[in-house]
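Protein chains in written order, with my numbering: chain G, 1247 to 1545; chain A, 1247 to 1545.
To be clear, the hints were calculated from the coordinates, so they are not data collected in a lab.
One or more hints might be untrue.
Note that the list lumps identical chains together, so a pair holds whenever it fits in one copy or between two copies.
Unchecked claim - Below are the DSSO-like pairs computed for lysine-lysine, each with C-alpha atoms no more than 27 Å apart in a straight line:
1) K1268 x K1300
2) K1537 x K1442
3) K1442 x K1332
4) K1322 x K1300
5) K1448 x K1537
No experiment lies behind these values; they were computed from the predicted model shown.
Listed below, chain by chain, are the residues.
2 protein chains.
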Amino acid sequence: MSLLVIGTLAYDDIETAYDSRKGVLGGSATYFAIAASHYTDPHLVGVVGTDFAKEDIAAMQKSGVNTTGVEIVEGKTFRWGGRYEKDWNTRHTTFTELNVLETFEPKVPEASRDSKFVFLANAAPAVQLHALEQVTKPEFVMADTMNLWIDIAKDDLLNLLKHIDAIVLNDEEARMLTGEANLITAANRVLEMGPKYVILKKGEHGAFLIGPDVHFSLPAYPVTNVVDPTGAGDSFAGGFMGHIAATGNASSQTMRQAMVHGTVTASFCVEDFGIQPLANRTADELAARHKELMSIVTV
Amino acid sequence: MSLLVIGTLAYDDIETAYDSRKGVLGGSATYFAIAASHYTDPHLVGVVGTDFAKEDIAAMQKSGVNTTGVEIVEGKTFRWGGRYEKDWNTRHTTFTELNVLETFEPKVPEASRDSKFVFLANAAPAVQLHALEQVTKPEFVMADTMNLWIDIAKDDLLNLLKHIDAIVLNDEEARMLTGEANLITAANRVLEMGPKYVILKKGEHGAFLIGPDVHFSLPAYPVTNVVDPTGAGDSFAGGFMGHIAATGNASSQTMRQAMVHGTVTASFCVEDFGIQPLANRTADELAARHKELMSIVTV
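Next comes chain G alone, as it looks inside the complex:
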């Protein structure tokens, strides 16, 4: 049932139209692992600098994240700055300091190499593939990507797509990767590129899952107090993969239910800055929102 995530840990500077924060613990793997920790004990592989706060490692461990694979190297932790427009749909990257990420080659610890479920969080596709190659016998591998890699490393990405079971894309990325405006058509085009399943995220409009044996669509949980959308996509993936790992299979029926869990974890993520709004949730709080979402979607 083991779940492995390979991705970034970061300190983020975030500006919204209403508020801002500097040096918030973030990163794709961090958000994913915190979300997944509500369902299983995920193993995290990533790199940080010597400036990374011991308290932040401790906080992840307290949530049940196995941080053995977090490498600490001389230098500064990856830093990223983002600014959101008032409508939340447009995000500008204000700066990127790769720092220790620049030379990062993920090393999956011996104890995590037999993981059955793997999430390759957003990174250069060649790095994602290199990480995946260290896992001996993965049963279900999902990857994330971003427009940057579609732009500058498309061949690597197309190669990666042949080695994974599922890819998670947002609407903009799906259109960019396929040149198709219609999202259903775009998702079907992505399937032709290799992965068995595509999850297409549409922000406040929810997400859908397409594969040979499934087409499932789910609205977003109706959050009315968005504070910071950073990490929502990774929190969705964390809840999704967390449920799959806890269930022990990636059947289409499990994936439908996993979409609901991912939507629930993402909904908590956006209600404040950083990982706290998600890390601090109890099982009862998740269950209540799960029940509410089920009521919203049941005909």
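Given the structure of chain G, go ahead and fit chain A onto it with the hints provided.
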């Protein structure tokens, strides 16, 4: 179980990025009635000019629409022109010729005044209210509106909202009416204005229903070959109200199911110009798409 719709009949000139048609039979009440006719025999109240083709009246009657309330007056039928941007989300009105609509005062025929279910298709809110006042004892009244009336007749619209059970709005109209960017918040604000239920349509992203005893969200049916979106909203309303009239009640459970039927009828509407793609569907074709949509949304 009788269903009454009051609205426009029109001839439309439509341009899309891929094709165009002139003089297509259209109008809000036409699309609504054709959609509803798959569930019940709707009564249509509206006005046309002496140029209105007898074949078009006959086509509606053949679909089961009661056209007794269609008044023919000296002059030309209402004409409207629209042009869609490539992404379908932006529509420009290229011209509006009110013609016989200019002096139209809807007269509900004696035989339709006891209708239990009423749809006030898009029109000046004062005209909608005037029409409603002729119905003796309506059980469930839903109205549509448009940004024009929010702009130039907001007081009349706010007055109308106190006399109806449900209003159907698209995302842009809901934001314009309330000044709220978040659609859930906007829908809740509209509820405070009087109607018991709000249906908020989000085009390709589906629609949701909010009321005191229900919050239900449904994705759109995944149409991949959109040809002309004109009439989709009215077709949705027609399927929705048609199912409610056929069921004989507007309970929240019936409304959830009605949302599915509305989504199915709208999905056929957009696959070609005019009413044909919807009028020509068999019960089996509707049932097949209904089944498919249920599979897409069932967890």
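Here is how each hint holds up against the structure:
1. K1268 x K1300: For K1268 and K1300, the Cα distance is within 27 Å only inside one copy (18 Å; across copies 70 Å).
2. K1537 x K1442: Result: close only across copies, 24 Å inter versus 29 Å intra.
3. K1442 x K1332: neither (36 Å within a copy, 30 Å between copies)
4. K1322 x K1300: Classified as within: same-chain Cα gap 14 Å, cross-chain 78 Å, threshold 27 Å.
5. K1448 x K1537: both (22 Å within a copy, 24 Å between copies)
Hint compliance for this structure: hint 3 is the single one not met.
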